[in-house]
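**Q** Letter by letter, the chains look like this.
Number of protein chains: 2
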Amino acid sequence: MQMIKDGQYKPLPLQNVEINDTFWKPKININRLHTIPFQYQQLIETGRIAALKLKKDGPVPHPFWDSDIAKWIEAGSYSLSKHYDPELDQLIDDVIVLLGKAQEPDGYLNSYFTIVCPENRWKDLRDSHELYCAGHLIEAGVAHYIATQKKSLLNIVCKYADYIDTVFGPEPNKLKGYCGHQEIELALIKLYRVTKNDNYLKLSQFFIDERGREPHYFDEEQKHIKGYFDDLFRTFDNLKEYNQSHKPVREQDQVVGHSVRAMYLYCAMADLALEIEDVSLLTACERLWNNLNGRKVYITGGIGSEHKYEGFTFDYDLPNETSYAETCAAIGLVFWNHRMLQLDCDGKYADLMERSLYNGVLSGISLDGKKYFYHNPLASLGDIHRKEWFGVSCCPPNISRLLASLGEYIYSQNENTVSVHLFIGGKGTFNVQNQNLVLYQKSNYPWEGDIDFTIELNQETEFKLKIHIPGWCKDAKLSVNGETFNIEDHIEKGYAVINRKWNNNDKIRLILPMPVERMYSHPDVRQNVNHVAIQRGPIVYCIEGTDNVNNLHSISLPSNPELKAEYDENLLGGIVKVTGIAQHLDIKPWDDTLYKSVPPEEKHTELVAVPYYAWDNREPGPMRVWISEK
Amino acid sequence: MQMIKDGQYKPLPLQNVEINDTFWKPKININRLHTIPFQYQQLIETGRIAALKLKKDGPVPHPFWDSDIAKWIEAGSYSLSKHYDPELDQLIDDVIVLLGKAQEPDGYLNSYFTIVCPENRWKDLRDSHELYCAGHLIEAGVAHYIATQKKSLLNIVCKYADYIDTVFGPEPNKLKGYCGHQEIELALIKLYRVTKNDNYLKLSQFFIDERGREPHYFDEEQKHIKGYFDDLFRTFDNLKEYNQSHKPVREQDQVVGHSVRAMYLYCAMADLALEIEDVSLLTACERLWNNLNGRKVYITGGIGSEHKYEGFTFDYDLPNETSYAETCAAIGLVFWNHRMLQLDCDGKYADLMERSLYNGVLSGISLDGKKYFYHNPLASLGDIHRKEWFGVSCCPPNISRLLASLGEYIYSQNENTVSVHLFIGGKGTFNVQNQNLVLYQKSNYPWEGDIDFTIELNQETEFKLKIHIPGWCKDAKLSVNGETFNIEDHIEKGYAVINRKWNNNDKIRLILPMPVERMYSHPDVRQNVNHVAIQRGPIVYCIEGTDNVNNLHSISLPSNPELKAEYDENLLGGIVKVTGIAQHLDIKPWDDTLYKSVPPEEKHTELVAVPYYAWDNREPGPMRVWISEK
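Protein chains in written order, with numbering that gives the first Met the number 0: chain X, 0 to 629; chain C, 0 to 629.
Next up, chain X with everything else stripped away, as it sits in the complex:
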């Protein structure tokens, strides 16, 4: 294995990327104009902001509340950095003032513990989400500083992190604990990157190294307290797997437990692997990624097969109606794969990131940006619909911060290489070989696969341009200034590598044919045997009741006939729909008979499929991704 830093990339920062396309730009605008202001209203109306005033007669906060505020600040900060809005800037400043006042003299900052049970500070790490909330505050502080250059929140979270560093660590007088919900680990690395303060990196490493060691911290801790979720957690089969503390992280090889916890842990492991060049952490990440990608991810990029644990079950267990596939978990999967890409520019990570982004993440928010799915099943009987807010409302601000920072996920670079991971129109501004490079990208992706890149340079410059060739594409073509470029001869881990001297106005054209594909599952996915899913480009399709005959489960696709793709500008904000001839089972001759020795009769029907991400944006009804095939 090569040394880690040899392969290291850095994401092109948000500030250097403009998104200007027909697919994502409108969604980012909706996020800015509707979602972020609406979420602020929710923070007000639910008492989350008022709780920061720490009044005994004010709202009684829930342990997670601070994290919702933090994620909203983070989303708002990203948004400010791309589209300045003085009103939002002021709102954020006002909340930061409240956070500053809520911070205790020693640096501690947590509305729940300060108001409800100050005597239990750091005593219920397993359940209380105390360090988790701290982590989100830190992420917010970093984002706010980068976006605005203001240090108001950064100072608060540094003071908090400095205090945490006096409480936790390997020294004999410090606690050997870590959080039951991972998050602070990745946040501290972000804080280290912006402050260059080594202590934050070391503290993150301490939390990661300590996790799962024996004697088990939570076993000891819970002898002295009844944890906040104890009644629930007592019913769990394996609570240590649930929060990934069943083994030291470097020994973990199966993706287990709560999906969001797992993703945030793996993000931090990848970050730390890169920062301290720890190959054992990278190896663990690769092992876990293989287990997930080969056995535990829905075709939508959703993860988590089970409601009770909000998490993973066993290999190949991917139920469709009862899938959990939490929006936050799919977002976490994007975070993790994006980090893996910086360690190892392998298209498999870009593929999984793209799969989640266009399907299992985007389904989490309504087209109007006002309603959210907490879980994203792959089949519904018609009783599952997006909601405006949740008691535990982690998903809404999470999707908001991802949309507001989407630019960061498109490009990476190192000294002499520029990498394109996602096909999102706009431009990226790089410094490569000490030259200023602007890379323009233009397409009608994800509906069409023709993508044009244009180079803007002041002088001829030699560098590698790596362009992701998606795993879903069988016959990609590429040309440079009109000349065919042989991808097969220049492919490295799923990226076409064009190493040449580039000049101003050089043009690259990538053609990704997008036939409608029928997708099949590994035969061990028992839920999908003899079922097919429709995919075109990165978009996974579903069938909805409103477009099809009732009883979607009884529709079956013949294995041969053609499926047709057609752009419909009036449907669901403009999408490519897929249509074809199918059969469905006739219930008429069955009356009140439940079992017969003759099979049901089949009738022809027109099948209409729409992108999975866009489901439940019209009248309520059933939905399915996996369709019978005969």
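The set of hints was computed from the structure by calculation and includes no laboratory data.
In this text, all values refer to a predicted model and were calculated from it rather than measured experimentally.
Hints are supplied without guarantee of correctness; some may be wrong.
Copies of one chain are not kept apart here, so a pair can be met inside one copy or by any two copies together.
[Unchecked claim] Think about it this way: if two alpha-carbon atoms lie no more than 27 Å apart in a straight line, the pair counts; the simulated DSS-like pairs of lysine-lysine are: (1) Lys-222 / Lys-602; (2) Lys-222 / Lys-175; (3) Lys-158 / Lys-201; (4) Lys-595 / Lys-629; (5) Lys-473 / Lys-587.
Given chain X, work out where chain C should sit, using these hints.
**A** Coordinates of chain C only, in the frame set by chain X:
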């Protein structure tokens, strides 16, 4: 609608029936020799018997414990009546002595309340199973009296019932309550039938009539107590549906809630309909039966689609891996259909009774009679196995009492009609038209469908002989003394009716062809679309891992080829197995790929199916009833 009593039949009592066949007789012997003694040991070892001694330092009883003892006495009594065993007789007498001593002076008898919380007597009807336990004691008292002519237990339960009658009833000074788990209603009707004491019938009617009336008894009651199951029941969506008190029983039209509670209620409704000639109760039973038989019963005759409520969900929702299908519920379904048959000799009731008996009931006990399923799923990944006993151990003695009394379910009669519902070899002794009739039955059922009946009479006697023509049989043939009898011209509601003067040694031969059938579900059963179940005669088949390639879910049956049935005396105690050629999906080319745009390859495989009731009697492994069909 005809008046009820015109169609009324009475089951030929156990005393008048001898079972002598190759299928059931060995099972009844195992029940007598192994199961009943083993259950007594369990009653001893778990402290259930000792708890009757009411010692403060003795075992602390669970609210259900008395019912387990009662059902064991009931099973033992039936067994004694067919096969006298002085040791068992003595054991039962000894337990009855304990019950007598445990009875309080006013007649009250409940080990849990007497020891644990006497102050709560009758205060937690919703949760405490107090009247439920009383009901089982009453059933035991009736069975013991009929079997032994001893009044020891009958007197105890009459005293208890008399006392209950002073507590509950329509009079102003009495409680208007009823039990959260139905059972006493049907027990009181049994007690009425044996004692002719009208009070018991009236009390049963009171409980049935009162159920579901407003103001709701349980709402009022639970204002004054925290019910025994309150923490659990608070998590229920609809607790009133769970215990079928959501509406007055005559208004109920959907089978809802806890399956065993529902069955015991419907049994009592059918009994009461017959006793008081209440057509509205019969109509309600018919409505509920149509809902269940048309939409809510597994092909095995199991009922209850859901674990949490141990009960019914919505129409056509019949998941296979997660089915509950409690053994007790299938037994309750046999009880109810047997009662419906007495009201209306319609083959549909005999069909459902037979379906449950040979499949969903019989699967509840291992071939050696020593282990039990509490729930009977229609698919298993290999992690579900019978157990020797359960904390709540209702199922073991329930199946034991059904096996010990199976003779009662075979025949019914009224003045001038003898009805054959089940094909179980042996003989029944009737009094018809004041003549002594012995009807001999001989067959190799359920493995072969040729059934021979022989009449024994002292003199020529005219009566109707009604023989059930099973719904699964398409081309039954019948002959009387060698002459073809045209069934089509003499079929009434699924019974061939032979109305003639019968003579000694008359012979009837019924031929029920038993091809292997592929069974299909109503297209609205989404879990079974494009799946087929194998059935032959009354026996539903399954495939087990031990006989087939791994990954049973990936096996599919082509829609045409032949399935072969063959008796194998060495397999599972002697069964007809079904074999055929099928396909399964090859996992080899998939490696670590989860999704592909090419379908899995198919390979030929030999399929071996065995009776569902006999599964999990060899090495542990997966099982499926519904098999893919292509």
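**Q** Determine for every hint whether it applies to the structure shown.
**A** Comparing the hints with the structure gives:
| no. | hint | verdict |
| --- | --- | --- |
| 1 | Lys-222 / Lys-602 | neither (64 Å within a copy, 56 Å between copies) |
| 2 | Lys-222 / Lys-175 | within (16 Å within a copy, 48 Å between copies) |
| 3 | Lys-158 / Lys-201 | within (16 Å within a copy, 78 Å between copies) |
| 4 | Lys-595 / Lys-629 | both (20 Å within a copy, 17 Å between copies) |
| 5 | Lys-473 / Lys-587 | between (43 Å within a copy, 22 Å between copies) |
Consistency with the previously given hints fails for number 1 only.
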